[in-house]
Amino acid sequence: MSNQNAASAPLPRRTWRKPPFIANPAIRWGIIILSIVYIVWALATLPFDWVRIQEGLPRAARIFSSAFPPDLKRPGLVLDGLMETLRIAILATILGVGASIPIAFMAASNLAPRPIYLLGRGIIIVARSFHPVIVAIVFVKAVGFGPLAGILTLAIYSIGFVAKMLAERIEEIDWGQVEALRAAGAGYFITLIYAVLPQIMPRQIGLTIYQFDSNLRASAVVGIVGAGGIGATLMNAFRRYDYDFALAITLIIIAAILVSEAISGRIRRKIW
Amino acid sequence: MLRITNLVKCYGNDKAVLSDLDLEVPGESCVAIIGASGAGKSTLLRCINRLVEPTSGSIELNGVNLTQLRGSALRGARRRIGMIFQSFNLIDRLTVMENVLSGRLGYVPFWRAAARRFPQQDIDRAFHLMERVGIAHYANKRADELSGGERQRVGVVRALMQEPEILLADEPTASLDPKTSMQIMELLRSLSEEYRLPVLINIHNVQEAKEYTQRIVGMRFGRIIFDGLPSDLDADAMDKVYAGVPAAERQGAEGGIAAGAAV
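If you read the protein sequences in the order shown, they are chains H and R.
Counting from 0, one number per residue, gives the positions in the first sequence under numbering that gives the first Met the number 0.
Counting from 0, one number per residue, gives the positions in the second sequence under numbering that gives the first Met the number 0.
Check each hint, because a few of them may be wrong.
Some chain H residues close to chain R (C-beta under 10 Å, calculated; not the full set) [what the hints assert, rightly or not]: (1) 65; (2) 175; (3) 177; (4) 178; (5) 182; (6) 189.
These are calculated hints, taken from the structure and not from any lab test.
Heads up, the beta-carbon is just placed ideally off N, CA and C, and yes, glycines get one too.
Next comes chain H alone, as it looks inside the complex (with noise of 0.2 Å):
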């Protein structure tokens, strides 16, 4: 076959070009100079107050300088956020992977009638579409400050993650299980747990375990906002200038995620 070749073509070609990612020239140098057109408009139309950024480098610098050495001064605040932000992740793991399940089930096209799913994927994307740094403003002006904003927020969050990622391992399942018993007779919500529920079950731990971990970074975040934990007394810590002690939360949080990163991966890990 290569011999073929060979004979057939006259001169044999030596050089060679990737081809272009966008063929057509026109478009191509089109995009090109349009996105540096329009970065340097955008750089030019912000308002960068160079004076004010010169003026705040040495203030910045200070407040680093001031935050070494890192000090731990009230160990008994921090404990008590830590835990607070534990209890909230936790709480919120439980409630938000509680409720995506149901939610899952609904958003998954194989499973459920049209306008159920389109109500599942309904939720799932108004649970996506907002960080919770702004979920957690609304549920501070709807429920006060305090970990109940902080648990709903993350509920929230985790409905988003959750449900989407096991309404597809649903979607992927083994359709011959449910046929059997659907065959055998059995209803439509018996089947469900029987032939779908073992079947997403090893992804669905995995899920709780990285949503988990996932709450427990998120809670510190929406804690600045008012929604209670580690996160409220880091804000105090600032609102106070207090920033060597600050700067010490700000490691405890950082160790505290590792450490439960760590513990999390090894376990999803074993069951994967």
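Please build the complex by placing chain R on the supplied structure of chain H, with the hints as guidance.
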């Protein structure tokens, strides 16, 4: 007694996968259905328990017309029709016992089934049947830990748990090695006698069909073109069933089956 009259199945607007098919199976007989891929064997079996909706015609099982049933009446009828699958279709991650008991899901109330609290007589029956086919010692093993032959036995027991009036086996031995495959065929034959059940077996292996069944039905293009004793299936009849399927027609028929499997 299973009586199928004028059964038609079309997928979409395509050519009919089953056209005007008549078949009568009296009680207590083992019937093999042979035919090339795409002949409509699978569709025929699936029409009987309505995993596939027939387009027209009637299917009567012991006097009940299955084609008209809806909702709980349909589930009630399905309980009486056991099905055995080529790929076993066991719940891999559940135990053998749970798989066997899942044959009772049409009878047991939701909460009892969900909590695995099955009635004593179901558990007795499960152990009895598992003993009968030689898998009782696997009761608490996960189904995916078993070998192919053992898994198909679980499939058979699950179907028998339904107290079926008929067994449908869709290529029950196609995923098994020759020896286990013969064991499963032998098991189906002896169970058919023991429980006085009609058994319909879709099968590719004509040798096994001849050896283990009393009647052979040959299908081609959705029609029955042979129906007789295994001894009547000579080379001529085999040719009619299998030979010279034009590629274009074959593709059409297979496309229909694939579309049906996806539904």
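Here is how each hint holds up against the structure:
no.	hint	verdict
1	65	violated (57 Å)
2	175	holds (4 Å)
3	177	holds (9 Å)
4	178	holds (6 Å)
5	182	holds (4 Å)
6	189	holds (5 Å)
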